[in-house]
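Chains Z and G, in that order, give the protein sequences.
Counting from 1, one number per residue, gives the positions in the first sequence under this note's numbering.
Counting from 1, one number per residue, gives the positions in the second sequence under this note's numbering.
No lab work stands behind these hints, which were simulated from the structure alone.
Since the structure is predicted, the reported quantities are computational estimates derived from the model, not experimental observations.
Be careful, since some hints might not be right.
[What the hints assert, rightly or not] Beta-carbon label-pair distances, calculated as ranges: (1) G:Gly47 to Z:Ile47: 49 to 57 Å; (2) Z:Arg10 to G:Ile29: 26 to 34 Å; (3) Z:Ala41 to G:Asn15: 46 to 54 Å.
A virtual CB, placed ideally from N, CA and C, is assigned to each residue, including glycine.
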Amino acid sequence: MTPQTDWILRWFHIMAGIMWIGLLYFFNFVNVAAVKQATAAGEAGPISKYVVPRALLFFRWGAVVTWIFGAALLGGYPAPNGMNGLAAAFGLQGTMAPIGIGAWLGTIMLINVWTFIWQNQKKILGIVPATDDEKAKARRVAFLASRANTMMSIPMLFFMATGPTSMSQFIYH
Amino acid sequence: MEKQLETEEGQTLKNPLDSLWGTVVSGFILTAILWVVARAIVSHAIGSGA
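From just these sequences and the hints, can you work out the full model?
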């Protein structure tokens, strides 16, 4: 991979990642408490109608774009023993293990977004029909999946920031 | 409804993910555990010359 390709892929990976994780933190640090307070005041309707659907659109597609650019970046990375960088990272091979752990966490989070969070949010927002019981269950599952992603984002960002860089010799050796 | 887990003394165990700060602390603990794993793999690879 040329240096130009590397920095372009890295640039788009980081921009999309900020969109994804920024909205994840918005949901967990701001929106959950705001909706709880607004519901108690009988004013949660506009948040669910105008804010959450837009935020979820950029959230779930931001996750996909982040993963694609990250995978492309890793694929062109020089890995030990002549391996492809993507395979070496996901295989936790040697010095590629730290970025590989970050890649695994990011992948699990992406799967969480599209299965547990988005599928349940569609029931909560009325995009697909659901009974009140199904909505209550969906709300709990989506909440826990979102919280699990917030928890995993902390080590994911650590391994993304400290993976195969000049810093890694001080952090992992 | 979700099943409540209890200790032998009958205290209800709380899910740390229900609390925002429990989530953040869990994230830092997970980071420390995974850092130990990553360091072990990297040290082994460097030791074996890979």
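Hint check results:
Separated by about 54 Å at the C-beta atoms, G:Gly47 and Z:Ile47 satisfy the suggested range of 49 to 57 Å. Between Z:Arg10 and G:Ile29 the beta carbon distance is about 29 Å. The supplied range of 26 to 34 Å therefore holds. About 27 Å separates the C-beta atoms of Z:Ala41 and G:Asn15, a value inconsistent with the hinted range of 46 to 54 Å.
In the structure shown, a violation is registered for the earlier hint numbered 3 alone.
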